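Protein chains: 2
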Amino acid sequence: MAKISSPTETERCIESLTAVFQKHAGRDGNNSKLSKAKFLILMNTELGAFTKNQKDPGVLDHLMKKLDLDSDGQLDFQEFLNLIGGLAIACHDSFIKSTSSQK
Amino acid sequence: MAKISSPTETERCIESLTAVFQKHAGRDGNNSKLSKAKFLILMNTELGAFTKNQKDPGVLDHLMKKLDLDSDGQLDFQEFLNLIGGLAIACHDSFIKSTSSQK
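Top to bottom, those sequences are chains Y and F.
Position one of the first sequence corresponds to residue 1 (UniProt numbering), numbered consecutively onward.
Position one of the second sequence corresponds to residue 1 (UniProt numbering), numbered consecutively onward.
Hints listed in this document are in silico derivations from the structure and should not be mistaken for laboratory results.
Remember, predicted model here, so these are calculated numbers, not experimental data.
Heads up, the beta-carbon is just placed ideally off N, CA and C, and yes, glycines get one too.
Stretch-level coverage of chain F by chain Y, calculated; a stretch enters the list once three of its residues show a Cβ under 8 Å from a Cβ in chain Y: (1) 13 to 19; (2) 88 to 94.
Here are the computed lysine-lysine pairs in the DSS-like style, where the Cα-Cα straight-line distance is at most 25 Å: (3) F/K97 <-> Y/K23; (4) F/K97 <-> Y/K33; (5) F/K66 <-> F/K55; (6) F/K66 <-> F/K52; (7) F/K97 <-> Y/K38; (8) Y/K23 <-> Y/K38; (9) Y/K97 <-> F/K23; (10) Y/K52 <-> Y/K97; (11) Y/K23 <-> Y/K65; (12) F/K33 <-> Y/K97; (13) F/K38 <-> F/K66; (14) F/K38 <-> Y/K97.
Only part of the chain F face toward chain Y is listed, based on derived beta-carbon distances under 7 Å: (15) T10; (16) E46; (17) A49; (18) L81; (19) G85.
Bound-form chain Y, shown alone:
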């Protein structure tokens, strides 16, 4: 029987990002999206380091509008991934800056 290896850290992260969306979006029939209220809860509970660092109180409203590409007032999984991607790029850019300035 083929040996089933345990998931790598990267595979675990992909599953975890899917699960956190599911946890917050919940399921209304076949429709799995984040309402504005659920988005705000997710931002405060799962991404507090980013959220608490924002000086502008309107930043989450602005972010929701920017992410909600089809303007249906909700975020589907692709729109949620764009949020994660944006935060990862910010994290990556600050890593590049910090290692370049050490030279």
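Given chain Y, put chain F in place with the hints provided.
Leaving out everything else, chain F in the frame of chain Y:
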């Protein structure tokens, strides 16, 4: 002094995805990209569950071409994130199908 809370699972995953790209892309001066060879190593070591499941031996070549939007023969961090996003969407879709079929 403000209490620094430990990162959440989602924040840790964002850092981890950034770190795995850095680990494999390495740094040639200010340029942090995945060559084809490094992409193949990453796919086999970090995403083995996906890679070992592919019947078509040419799937990684095809995937690299599809991801390499600017056709420079390398993947930058945004192009790498598109890979992660694609795999997350596949994971999400299979989750939705599996929970719908349980009804």
